[in-house]
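J.: Here the protein sequences come in this chain order: X and D. Following this note's numbering, the numbering of the first sequence begins with 1 at its first residue and continues without gaps. Following this note's numbering, the numbering of the second sequence begins with 1 at its first residue and continues without gaps.
Simulated from the structure, these hints should not be mistaken for lab results. Model, not experiment: these values are computed from the prediction. Just so you know, not all the hints are guaranteed correct.
Quick list of the computed label-pair ranges, beta carbon to beta carbon [what the hints assert, rightly or not]: (1) 72/D <-> 40/X: 27 to 33 Å; (2) 3/X <-> 40/D: 19 to 25 Å; (3) 40/D <-> 50/X: 29 to 35 Å; (4) 96/X <-> 83/D: 43 to 49 Å; (5) 61/D <-> 97/X: 15 to 21 Å; (6) 50/X <-> 20/D: 33 to 39 Å; (7) 45/X <-> 65/D: 29 to 35 Å; (8) 14/X <-> 80/D: 44 to 50 Å; (9) 65/D <-> 67/X: 43 to 49 Å; (10) 18/D <-> 15/X: 22 to 28 Å; (11) 95/X <-> 83/D: 28 to 34 Å; (12) 82/D <-> 40/X: 21 to 27 Å; (13) 40/X <-> 83/D: 37 to 43 Å; (14) 5/X <-> 3/D: 30 to 36 Å.
Here a beta-carbon is modelled for each residue, glycine too, at the ideal position from N, C-alpha and C.
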Amino acid sequence: TQLLEQSPQFLSIQEGENLTVYCNSSSVFSSLQWYRQEPGEGPVLLVTVVTGGEVKKLKRLTFQFGDARKDSSLHITAAQPGDTGLYLCAGSTLQGGSEKLVFGKGTKLTVNP
Amino acid sequence: GAVVSQHPSWVICKSGTSVKIECRSLDFQATTMFWYRQFPKQSLMLMATSNEGSKATYEQGVEKDKFLINHASLTLSTLTVTSAHPEDSSFYICSARGDRKNQPQHFGDGTRLSIL
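Pulled out of the complex, with its shape left as it was, chain X reads as follows:
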């Protein structure tokens, strides 16, 4: 069974601070996605990283895929209250001939004004 360890599980910070969320695994993924989920809604895709060492930026969010494609990080600069939400990483893997997503447990981020 492939596992994706996500940390921290909870994070409460003040507006303007920086933060990093980590996803680690002993398994190699063909790609990795980061999602953000609001209460009572489905996850919304933020980014997909495919190449080892890849770095993608989305405004104040920076996503990095590890060289070995086993881990990833999400860094938020100057966090704002609107960034509050549940952040999920998900690794794409081939199992039984079909491609599936393995989700981390999520990081619940609260940004206080």
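Position chain D relative to chain X; hints supplied.
T.: Here is chain D on its own, set in the frame of chain X:
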């Protein structure tokens, strides 16, 4: 683009009732659709994978006779929870993906199922 619609968003029903949830891809053809279950304060757990026109593949521990999945077209998949009981209460989420390599899954907004 890549919009997935899920209906209904909220269901409350009595124990023993069967409940059908629909998942539609509105602006793309979904070769593969996925059904997940999410319990409070937990992550998404994959229940089954369905490809258009073929039988769904269920994850270990998921009863295929209880969670009936139909994927009859490239834009619609349904999940029927048969004879639902309180322990089936959960947040059910579908996702859809096209057939190009490394195409991400796009998720519906989920269905909150409460069995009394």
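J.: Taking the hints in turn, state whether each one holds.
T.: Now for the hints, and whether the structure bears them out:
In this structure the hint that residue 72/D and residue 40/X lie 27 to 33 Å apart at CB holds, the actual value being about 28 Å. Checking the proposed 19 to 25 Å range against residue 3/X and residue 40/D shows it holds: the Cβ atoms sit about 21 Å from each other. One distance hint, 29 to 35 Å for the beta-carbon pair residue 40/D and residue 50/X, holds here, with the actual separation near 32 Å. Restraint check, residue 96/X to residue 83/D: a C-beta distance of roughly 28 Å breaks the suggested window 43 to 49 Å.
Checking the proposed 15 to 21 Å range against residue 61/D and residue 97/X shows it holds: the Cβ atoms sit about 20 Å from each other. Between residue 50/X and residue 20/D the CB atoms are about 36 Å apart, so this pair conforms to the stated range of 33 to 39 Å. Restraint check, residue 45/X to residue 65/D: a C-beta distance of roughly 33 Å satisfies the suggested window 29 to 35 Å. Range check, residue 14/X to residue 80/D: about 47 Å between beta-carbon atoms, so the 44 to 50 Å window is met.
Take residue 65/D and residue 67/X: their Cβ atoms lie about 45 Å apart, and the range 43 to 49 Å holds. For the pair residue 18/D and residue 15/X, the supplied restraint of 22 to 28 Å is violated, since their beta-carbon distance comes to about 47 Å. As the Cβ distance of residue 95/X to residue 83/D is approximately 29 Å, the hint placing it in 28 to 34 Å holds. Checked against the given bound of 21 to 27 Å, the beta carbons of residue 82/D and residue 40/X, roughly 25 Å apart, stay inside it.
For the pair residue 40/X and residue 83/D, the supplied restraint of 37 to 43 Å is violated, since their beta-carbon distance comes to about 26 Å. Checked against the given bound of 30 to 36 Å, the beta carbons of residue 5/X and residue 3/D, roughly 32 Å apart, stay inside it.
Of the numbered hints stated above, those contradicted by the structure are hints 4, 10, 13, listed in ascending order.
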